[in-house]
Amino acid sequence: MAKAVAVTGNQAVAEALRQIDPDVCAAYPITPSTEIMQRFAAFVADGDVNTILVTVESEHSAMSACIGAAAAGGRVVTATSSQGLALMWEMLYIASGMRFPILMALVNRALSAPINIHGDHSDGMGARDAGWIQLYSENAQEAYDNTIQALRIAEHMDIRLPIMTCMDGFIISHSIERMEYLKDEEVKDFIGEYKALNPLLDIDNPKTIGALVLPDYFMEHKKAQADAMGKVKAVVLDVAERFGKLSGRSYGLFEDYRLGDADITLVIMGSAAGTAKDVIDDLRNRGIKAGLLKPRLFRPFPYEEIADALKGVKAICVMDRADSSGGYGPLFMEISSALIHIKERPVMINKVYGLGGRDFLPEHAETVLNELAEIANTGKAKTFKEYITVRE
Amino acid sequence: MKPKGWKDLTPGGGVILEAGNADEYNTGSWRAFRPEWKEENCIQCLFCWVFCPDSAVITKDGKMTGFDYKHCKGCGVCAYECPGKKGQKAIVMVEEGK
Ligand code: SF4
Ligand code: SF4
Chain A
1 MAKAVAVTGN
11 QAVAEALRQI
21 DPDVCAAYPI
31 TPSTEIMQRF
41 AAFVADGDVN
51 TILVTVESEH
61 SAMSACIGAA
71 AAGGRVVTAT
81 SSQGLALMWE
91 MLYIASGMRF
101 PILMALVNRA
111 LSAPINIHGD
121 HSDGMGARDA
131 GWIQLYSENA
141 QEAYDNTIQA
151 LRIAEHMDIR
161 LPIMTCMDGF
171 IISHSIERME
181 YLKDEEVKDF
191 IGEYKALNPL
201 LDIDNPKTIG
211 ALVLPDYFME
221 HKKAQADAMG
231 KVKAVVLDVA
241 ERFGKLSGRS
251 YGLFEDYRLG
261 DADITLVIMG
271 SAAGTAKDVI
281 DDLRNRGIKA
291 GLLKPRLFRP
301 FPYEEIADAL
311 KGVKAICVMD
321 RADSSGGYGP
331 LFMEISSALI
341 HIKERPVMIN
351 KVYGLGGRDF
361 LPEHAETVLN
371 ELAEIANTGK
381 AKTFKEYITV
391 RE
Chain B
1 MKPKGWKDLT
11 PGGGVILEAG
21 NADEYNTGSW
31 RAFRPEWKEE
41 NCIQCLFCWV
51 FCPDSAVITK
61 DGKMTGFDYK
71 HCKGCGVCAY
81 ECPGKKGQKA
91 IVMVEEGK
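As they're listed, the protein sequences go chains A and B.
Taking my numbering, the leading residue of the first sequence gets 1, the next gets one more, and so forth.
Taking my numbering, the leading residue of the second sequence gets 1, the next gets one more, and so forth.
Don't read these hints as lab results, they were simulated from the structure.
Using N, Cα and C, we set each Cβ at its ideal position, and we do this for glycine too.
Incorrect hints may appear among the rest.
[Claimed, not checked] Quick list of in silico lysine-lysine cross-link-like pairs, DSS-like style, CA-CA up to 27 Å:
| id | chain 1 | residue 1 | chain 2 | residue 2 |
| --- | --- | --- | --- | --- |
| 1 | A | 343 | A | 233 |
| 2 | B | 7 | A | 222 |
| 3 | B | 70 | B | 86 |
| 4 | B | 60 | A | 223 |
| 5 | A | 222 | B | 98 |
| 6 | B | 98 | A | 207 |
| 7 | B | 70 | B | 98 |
| 8 | A | 207 | B | 4 |
| 9 | B | 73 | A | 231 |
| 10 | A | 207 | B | 70 |
| 11 | A | 231 | B | 89 |
| 12 | A | 233 | B | 73 |
| 13 | A | 231 | A | 188 |
| 14 | B | 4 | A | 223 |
| 15 | A | 311 | A | 380 |
| 16 | A | 207 | B | 7 |
| 17 | B | 73 | B | 60 |
| 18 | A | 223 | B | 89 |
| 19 | B | 2 | A | 207 |
| 20 | B | 89 | A | 195 |
| 21 | B | 2 | A | 222 |
| 22 | A | 233 | A | 222 |
[To be verified] Stretch-level coverage of chain A by chain B, calculated; a stretch enters the list once three of its residues show a Cβ under 8 Å from a Cβ in chain B:
| id | stretch |
| --- | --- |
| 23 | 202-216 |
| 24 | 221-230 |
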């Protein structure tokens, strides 16, 4: 029997990191991810893990230390949020370009200014192009499960890329939910032993890493990296299947909720998907064919699979908890790209919601779904992109 | 040597597994001016050997004996630092092809 607990998302992820027992953790705590490192530092101090905890003076240094430790040959983890991730930016590309399977718990938070500490996806979306795999979670259980699956994905010999497991700041990180932990031995067995590819601490075989690559070879290196990214989907599914057998919880590239015969659909990521599912159920009870698609794997984005799942829907609203100022929301852009190749495209609209932790309530989902029902009837949208729950 | 395709790169993000393979890089091809050694002015101070950024000054039994032109990139640092004898430099830079 798995152990049922009532914990915060941060606590759940800290517990996953304890069970993983990484070689090195370098971090610079920042709200709302602070509690992960606070708890993990206690595990280190109490001797519950064998991890070397490197306390640094900034997130830039945290990621640099992670890269150094990964180059040495260690299994490495860290956690951050918002400005912290932004400060890591240049090092993110180095971690992925050097193909180090570093695990980062990202507790999503808005980016300044104005300064704000609450949850939205601006930080994760900003790191979208950095060559990291990204998994998003709906609740504490998913954040815990994704953390454990993440290492298997990142460390797979076909992949060897860094991975971010994302959860909404405060809404998930600080809310207490009922969830289940795996046993320590189960996690240990599941993640297996880590074998670094070309560890620098293998001093009998000296090597050079991080050498200059000029125009004659740069694209070959980037192509090799892109090819590894291309193999991630298959590995995610394979790892999810094994994890399902162990935990009884099933995961995919995304979750489709009452989508099969849906006329109108929300595409929504993270905690707000949970809120929206309740509303979908209500509408279904009233005979309205509403459905929902919740992306889990955002990088690489599963374009073909999502296009397949959304085929036949009449009207879609993509809900973005981040904005690309002057463009559509980042999730909307991906869904549009996914649907560009299908013949009978649904009408698509984009709503930006929940920035800086603004509440997303069932009535907001209902308003959007009502609008979608009208669009499905008329075939016409009034506005393609709109901020919702904002005061005039 | 035919350049490798992306599938033939060493797995793991730009890693070089052959230690010391910079030796194979012909930095001598960059050279526009070539250092030439005038043995008669050399006092064997080994300043050239200390200052050369490419380890291109060849020594034998603790004495300067000439240049490794495969790696000497012709920067002229050795010639600049060389004290020589009685105001006469023991290293002079000569334009390549002349
Ligand atoms: S010219 Fe420069 S590279 Fe060549 S031997 Fe002198 S110091 Fe070394
Ligand atoms: S610096 Fe000049 S004098 Fe000194 S060892 Fe070199 S060539 Fe001879």
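**Prompt:** Does residue 89(B) lie within 27 Å of residue 223(A) when you go C-alpha to C-alpha?
**Reply:** violated (52 Å)
27 Å limit on alpha-carbon distance, applied to hinted pair residue 343(A) and residue 233(A): holds (24 Å)
If you draw a straight line from the CA of residue 2(B) to the CA of residue 207(A), is it 27 Å or shorter? Holds, because 23 Å separates the two Cα atoms, which is no more than 27 Å.
- prompt: Given the hint that residue 70(B) pairs with residue 86(B), does the C-alpha gap stay at or below 27 Å?
  reply: violated (31 Å)
Can the restraint linking residue 70(B) and residue 98(B) be considered satisfied, given a maximum Cα separation of 27 Å?
Roughly 18 Å separates the two Cα atoms, so the pair holds.
- Item | Coverage claim, chain B over the stretch 202-216 of chain A, checked by counting residues with Cβ within 8 Å (three needed) | The restraint on the stretch 202-216 of chain A holds, since 9 of its residues have a Cβ under 8 Å from chain B and three suffice.
inquiry  = For residue 73(B) and residue 231(A), compute the direct alpha-carbon distance and say whether it is at most 27 Å.
reply    = This hinted pair is violated, its Cα atoms lying about 44 Å apart.
Check: residue 222(A) and residue 98(B): Cα distance at most 27 Å?
Finding: violated (43 Å)
Requested in this report: Verify the proposed pairing of residue 73(B) with residue 60(B), using a straight-line Cα cut of 27 Å.
Outcome: Between residue 73(B) and residue 60(B) the Cα gap is close to 21 Å, so the pair holds against 27 Å.
Given that the stretch 221-230 of chain A was listed as covered by chain B, double-check it with a C-beta distance under 8 Å for 3 or more residues.
holds (count 5)
With a cut-off of 27 Å on the C-alpha distance, tell me whether residue 207(A) and residue 70(B) pass.
holds (23 Å)
Starting from residue 98(B), check that the Cα of residue 207(A) is at most 27 Å away, please.
violated (40 Å)
In this structure, the earlier hints numbered 3, 4, 5, 6, 9, 11, 12, 18, 20 are contradicted, and the remaining ones agree with it.
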